[in-house]
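Undergrad: Read off the chains here:
There are 2 protein chains.
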Amino acid sequence: MHVLIIGAAGMIGHRLAARLGAQPVLGGESVTRMTLVDMVAPNAPDAAMPCETVAGSIEDAEIRRRILAGRPEVIFQLAAVVSGAAEADFDLGWRVNVAAVQALCEDIRRIGYSPRLITTSSVAVFGGDLPDPVPDTHHLSPQSSYGAQKAVGELILADFTRKGFIDGRTVRLPTIVVRPGAPNAAASSFVSGIIREPLKGERAKLPVARDSRVWIASPDLAVASLIHAATLAPKALGAAAVVTARGLTVSVQQIIDALAFAAGPEVAALIDDEPDPAVAAIVGSWPQGFDSGLAVALGFPTDDSIEQIIARHIAEHHPHLAQAE
Amino acid sequence: MHVLIIGAAGMIGHRLAARLGAQPVLGGESVTRMTLVDMVAPNAPDAAMPCETVAGSIEDAEIRRRILAGRPEVIFQLAAVVSGAAEADFDLGWRVNVAAVQALCEDIRRIGYSPRLITTSSVAVFGGDLPDPVPDTHHLSPQSSYGAQKAVGELILADFTRKGFIDGRTVRLPTIVVRPGAPNAAASSFVSGIIREPLKGERAKLPVARDSRVWIASPDLAVASLIHAATLAPKALGAAAVVTARGLTVSVQQIIDALAFAAGPEVAALIDDEPDPAVAAIVGSWPQGFDSGLAVALGFPTDDSIEQIIARHIAEHHPHLAQAE
Numbered sequence: 001m002h003v004l005i006i007g008a009a010g011m012i013g014h015r016l017a018a019r020l021g022a023q024p025v026l027g028g029e030s031v032t033r034m035t036l037v038d039m040v041a042p043n044a045p046d047a048a049m050p051c052e053t054v055a056g057s058i059e060d061a062e063i064r065r066r067i068l069a070g071r072p073e074v075i076f077q078l079a080a081v082v083s084g085a086a087e088a089d090f091d092l093g094w095r096v097n098v099a100a101v102q103a104l105c106e107d108i109r110r111i112g113y114s115p116r117l118i119t120t121s122s123v124a125v126f127g128g129d130l131p132d133p134v135p136d137t138h139h140l141s142p143q144s145s146y147g148a149q150k151a152v153g154e155l156i157l158a159d160f161t162r163k164g165f166i167d168g169r170t171v172r173l174p175t176i177v178v179r180p181g182a183p184n185a186a187a188s189s190f191v192s193g194i195i196r197e198p199l200k201g202e203r204a205k206l207p208v209a210r211d212s213r214v215w216i217a218s219p220d221l222a223v224a225s226l227i228h229a230a231t232l233a234p235k236a237l238g239a240a241a242v243v244t245a246r247g248l249t250v251s252v253q254q255i256i257d258a259l260a261f262a263a264g265p266e267v268a269a270l271i272d273d274e275p276d277p278a279v280a281a282i283v284g285s286w287p288q289g290f291d292s293g294l295a296v297a298l299g300f301p302t303d304d305s306i307e308q309i310i311a312r313h314i315a316e317h318h319p320h321l322a323q324a325e
Numbered sequence: 001m002h003v004l005i006i007g008a009a010g011m012i013g014h015r016l017a018a019r020l021g022a023q024p025v026l027g028g029e030s031v032t033r034m035t036l037v038d039m040v041a042p043n044a045p046d047a048a049m050p051c052e053t054v055a056g057s058i059e060d061a062e063i064r065r066r067i068l069a070g071r072p073e074v075i076f077q078l079a080a081v082v083s084g085a086a087e088a089d090f091d092l093g094w095r096v097n098v099a100a101v102q103a104l105c106e107d108i109r110r111i112g113y114s115p116r117l118i119t120t121s122s123v124a125v126f127g128g129d130l131p132d133p134v135p136d137t138h139h140l141s142p143q144s145s146y147g148a149q150k151a152v153g154e155l156i157l158a159d160f161t162r163k164g165f166i167d168g169r170t171v172r173l174p175t176i177v178v179r180p181g182a183p184n185a186a187a188s189s190f191v192s193g194i195i196r197e198p199l200k201g202e203r204a205k206l207p208v209a210r211d212s213r214v215w216i217a218s219p220d221l222a223v224a225s226l227i228h229a230a231t232l233a234p235k236a237l238g239a240a241a242v243v244t245a246r247g248l249t250v251s252v253q254q255i256i257d258a259l260a261f262a263a264g265p266e267v268a269a270l271i272d273d274e275p276d277p278a279v280a281a282i283v284g285s286w287p288q289g290f291d292s293g294l295a296v297a298l299g300f301p302t303d304d305s306i307e308q309i310i311a312r313h314i315a316e317h318h319p320h321l322a323q324a325e
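For the record, the sequence lines run as chains E and P.
Here the first sequence is numbered in our numbering, starting from 1 and rising by one per residue.
Here the second sequence is numbered in our numbering, starting from 1 and rising by one per residue.
Treat the hints with care, as some may be off.
Since the list gives no way to pick one copy over another, a pair counts as held whenever it fits inside one copy or between any two copies.
With a straight-line cut-off of 20 Å between C-alpha atoms, the simulated SDA-like cross-links for lysine to any residue are [stated by the list, open to error]:
id	residue 1	residue 2
1	163	99
2	205	258
3	200	236
4	163	282
5	163	91
6	200	269
7	205	53
8	163	112
9	235	127
Derived by calculation from the structure, the hints in this document are not laboratory data.
Just need the whole structure built from these sequences, with the hints factored in.
TA: What follows is the structure in structure tokens.
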């Protein structure tokens, strides 16, 4: 089985490639070849199989031709212009998040084979007055260009899937915690920051109240959810071809308590409450929990707890801390 | 005020142009000029104001340039590839119902003015297991390419509107009854046919059970709903920039009874029950009623009754029958 990962240099794509390199199996079938593409050439993972790496954008028809040339049976489409960038650059967001993905689907249709195409969406497709928890069938009500683009992407993939041109599966992912790297301008940045920075001995700002609730999943859970989606029977997701992954709803205080439990109160004390009304307003507009009935029924995995998420982050990034306990 | 009607040769566009020609007022402002465009040149209505007519498609950048050249303050975008055609020709539907409309919005954005743009959507954005009545906030769940395209169009217009590039208002219209002209291949064709053909002394086929319910509006109500949408304050429709118009839910038997009441039992006897399971299945999948809370709150008009709809159709198309009573 030939697997194509678009966006393979990103946090999730990189991790997914590593997972398939280390365990080259997808739903009982062997992964025998990978093609990895991103704007910058992705690193090939440790893997016995041939891994082609390609630098380029799926906006480019020649890149699309090249990555589809081997007729990959499974395509993970993870390339996206993220929330803040899509809001700042209207053209870029619609071009990459919608037009390029639609062009990819069109190219596949014209080739005339119907691969599995697994892609991600976001809780940003929901907004406004939200019930708690948000049901699988809540109406698409995006309040940002990113959310609108992801909602449109869901509908386009569903129609290509209904017509049999593609076997599409969209997975709406929670806020990923703990993101590696530096803090960024995303309103959600603090959720990873209040874990990641203190563990490095650095101070972290908390812009929201400690009783704020967020809906999260670990990077491993995101990868496991995408792999699970890839192994479902065709049409398992129904006409909408979309499923909301299983996240955890936790309060900021629960995150801080779990950090203190794992690394000590002196680490948790590195978090500074610095309320930022703008960030608090954005975070407050997000869904805080989902009734993931469809994901549960389809056997999607879930993280056990925020304690487990933090323990795994420590084991991966701070093995000396894990050993010290 | 300069009004542009795209799709001005169609049933609703034609009627809207006639209405604005006869009563050149929109929300208290005078309509002083109209531009009418369709694939075939529309007939200019009886009107004192200048009416430019244009033959062409909004897929054509030069046509878009031409119809936007006068910076129309109000644009009614009624051009669409209809349900059956969009399902039969996947490319055509996505090109006209989505890409061309998005290109129009892009052109407006690049010009840099923000006109009111009123367009239509359909109950085909809803499908699957539907509550009865369907609330304004039911999730987009199209089961056809036409429905998917209309849902995508709603989301695109909402995002252009949120960003202030356009002042968009989408109106989801019921099945229009009585459509003029000949029966067509649409599954909904019979709803008009069982009124229109018997009134002409011709037999009509009824492919569904008489207790089937349909959600309908008159052509005049469709026009009145679009005009009402054009006169709303900006942002009145909320973030989604869409409203479901006020239709009537009636059973087929109620339609037949109303026809017999208006034109006599011998006219209603021209309807032949000829069950067609395929048509019955499609009609059964449609929403049968809506909770039009938003439309009611915003003062949208409604038809009084199926009796009134039939009486108006008779007055317009069979004045001798109306006089004979």
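Undergrad: Confirm or reject each hint.
TA: Hint check results:
1. 163 / 99: both (19 Å within a copy, 19 Å between copies)
2. 205 / 258: Intra 17 Å, inter 69 Å, cutoff 20 Å: intra-copy only.
3. 200 / 236: Result: close neither inside a copy nor across copies, 43 Å intra and 49 Å inter.
4. 163 / 282: between (37 Å within a copy, 17 Å between copies)
5. 163 / 91: Answer is between; shortest inter-copy Cα gap is 12 Å, intra-copy 29 Å.
6. 200 / 269: within (13 Å within a copy, 84 Å between copies)
7. 205 / 53: Classified as neither: same-chain Cα gap 38 Å, cross-chain 61 Å, threshold 20 Å.
8. 163 / 112: within (12 Å within a copy, 38 Å between copies)
9. 235 / 127: between (27 Å within a copy, 16 Å between copies)
Going through the hint list in order, the structure does not satisfy hints 3, 7.
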